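Following the hints, complete the assembly by docking chain B onto the known chain A.
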Amino acid sequence: MTIDARFVSERGTFHLDVDFELPDQGISAVFGPSGCGKTSLLRAIAGLDRSTGHLRIGEEIWQDEKQFLPTHERALGYVFQEPSLFNHLTVDKNLTYGQSRIPAASRKVSFDDVVELLGLGSLLGRSPATLSGGEQQRVAIARALMTSPRLLLMDEPLASLDYERKLEILPYIDALHRDLEMPVLYVSHDRDEVARLADHLLLMRAGQIVAAGAIGDMLTRVDLPLVQGGEAEAIIEASVSGHDDEFQLTFLDSAAGSFTFTGRGVDVGADVRLRILAKDVSLTLAHQSDTSILNIFPATIDDMIPEGEAQMTVRLLVGEVPILARITRKSADNLGLSPGMKLFAQMKSIALLA
Amino acid sequence: MNDADIVALLVTLKLALVSTIVLLILGTPLAWWLARTQWRFKFILETLVALPLVLPPTVLGFYLLVALSPTGPVGTLTNAIGLGTLAFSFSGLVVGSVIYSMPFVVQPLQDAFRNIGARPLEVAATLRASPIDRFYSVVLPLAMPGFITAAVLGFAHTLGEFGVVLMIGGNIPGETQVVSIAIYDHVEMLEYSRAHWLAGGLLMLSFVMLALVYRQRGFRVSS
Chain A
1 MTIDARFVSE
11 RGTFHLDVDF
21 ELPDQGISAV
31 FGPSGCGKTS
41 LLRAIAGLDR
51 STGHLRIGEE
61 IWQDEKQFLP
71 THERALGYVF
81 QEPSLFNHLT
91 VDKNLTYGQS
101 RIPAASRKVS
111 FDDVVELLGL
121 GSLLGRSPAT
131 LSGGEQQRVA
141 IARALMTSPR
151 LLLMDEPLAS
161 LDYERKLEIL
171 PYIDALHRDL
181 EMPVLYVSHD
191 RDEVARLADH
201 LLLMRAGQIV
211 AAGAIGDMLT
221 RVDLPLVQGG
231 EAEAIIEASV
241 SGHDDEFQLT
251 FLDSAAGSFT
261 FTGRGVDVGA
271 DVRLRILAKD
281 VSLTLAHQSD
291 TSILNIFPAT
301 IDDMIPEGEA
311 QMTVRLLVGE
321 VPILARITRK
331 SADNLGLSPG
341 MKLFAQMKSI
351 ALLA
Chain B
1 MNDADIVALL
11 VTLKLALVST
21 IVLLILGTPL
31 AWWLARTQWR
41 FKFILETLVA
51 LPLVLPPTVL
61 GFYLLVALSP
71 TGPVGTLTNA
81 IGLGTLAFSF
91 SGLVVGSVIY
101 SMPFVVQPLQ
111 DAFRNIGARP
121 LEVAATLRAS
131 PIDRFYSVVL
141 PLAMPGFITA
151 AVLGFAHTLG
161 EFGVVLMIGG
171 NIPGETQVVS
181 IAIYDHVEML
191 EYSRAHWLAG
201 GLLMLSFVML
211 ALVYRQRGFR
221 VSS
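Here the protein sequences line up with chains A and B, keeping their order.
Numbered according to this note's numbering, the first sequence spans residues 1 to 354.
Numbered according to this note's numbering, the second sequence spans residues 1 to 223.
Everything labelled a hint here was simulated from the structure, so no lab data went into it.
Some clues are possibly wrong.
[As the list claims (entries may be wrong)] Simulated DEER-style distance windows between Cβ atoms: (1) A:Ala75 - B:Arg40: 32 to 40 Å; (2) B:Gln38 - A:Ala270: 46 to 54 Å; (3) A:Ser34 - B:Gly160: 47 to 55 Å; (4) B:Asp133 - A:Ser34: 51 to 59 Å.
Quantities reported herein were computed from a predicted structural model and do not represent experimental measurements.
Just so you know, even glycine gets a beta-carbon here, dropped at the ideal spot from N, CA and C.
Chain A extracted, bound-state conformation (with noise of 0.2 Å):
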């Protein structure tokens, strides 16, 4: 099951013409810079805006040469970047707005899962007025999935927010994404919100979609703006193995190998994402015994691309798992670097997202 999307517009002196496949699970974010056609693309599957071409999600024709299902139609959620409450009802009476317009055989969310899930007990009762922009969001959201939709679409549900606000809200759209089988399409142009949270990426400009991947592949494609600039990363998927009591460590298994973590607070068994930043890799041709660093794993040099005057970002293979490493162009010279060669990456540090 995947869905499948072709669409063609222009508004004024602005066109939107993609074409993409993406799966039919996970989050799928949409990142490019402003203006680049983000939204232009949720309002076109939304049906809020008419463009031409066609939309099949899975077995379902939302749109294609012969018809145009209006935006009522569509079994879909629509999370907008401001929370847009129903001012004139209440918060259970905002979430049921659109539960009691689906059919009955159709409700597969129930009510009090989802008022479970983004925490909204204490709120039902209240006016919107008297909400928190956090809470709001929160309540746009279950408002959406209440509907059962078969496609949840998020608009920088975040954008709006403040920084506590964005941490506030985070941990429920981790949770909908664990607790939930619902495909998901994300708009952002905050990385560190498409590094937490995304599967799969779309990359946007000027109204075409660039490339679209699994997010691992695409943090790291020399190819793609993504790899430039100090925020250069790789996203690995892990799970806790273990715990150091003596010395305060955690351990991660993945595909590329096991981890040393820093610190605890994690449990056993815990599914969680490591970000290892190109500029925290560093790179030896022989395994290094007598260093500091714990986290050091053979590796082969998939790609490499210069990156300004001085430096050079190197895409290294750790099994089958893609890192980056930033070094300088001197050291990469002295080293004698090249595609395929074997070494060892050794990272200074990792961070545990979510």
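Coordinates of chain B only, in the frame set by chain A:
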């Protein structure tokens, strides 16, 4: 107040009520369209709706009289389809009042619809509400203050109508004689006490209704 005055008052209230209902039925879709359309010539329609605000009622009444008379364009049509002549009838007064009070209904509704914006309707559409459902479940409740303002202003403004009625309604007791005309008659015949009763009643009624509108607006601002 004698019986003739009470009849005039009843005719006035009936005229205001019927006109307000017709105005809401016609004004709602018109205001909705004006609030949403991107049509570049919509200002022409807005100007037409607003004209009664600045036009002397006798001008409007004069053209209506010409149009509604048995040989006029509207009169010919109403005669042909068996409705008879509308001039000097209650129905004719309703037609005149609707045109005369149109801006007082359309403008508050148009403002209310514009203030709601497109977003709540888009949200409702993504929550499976059909267009008609969206109107009743979102637009109507959110625009309710606008509807109340429109209804009260339309009603109150029709109550105070004089020039148009004089031109197209004449002064037929029980049919087209409204309070404002009755007052004029009383003053002409120097029946000041009877004029006082009617004028005072109209003043009170208008004050109370406008006070209701402004009280509601005050609430809206403070909430």
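Taking the hints in turn, this is what the structure says about them:
no., hint, in the structure
1, A:Ala75 - B:Arg40: 32 to 40 Å, "holds (37 Å)"
2, B:Gln38 - A:Ala270: 46 to 54 Å, "holds (53 Å)"
3, A:Ser34 - B:Gly160: 47 to 55 Å, "holds (54 Å)"
4, B:Asp133 - A:Ser34: 51 to 59 Å, "violated (34 Å)"
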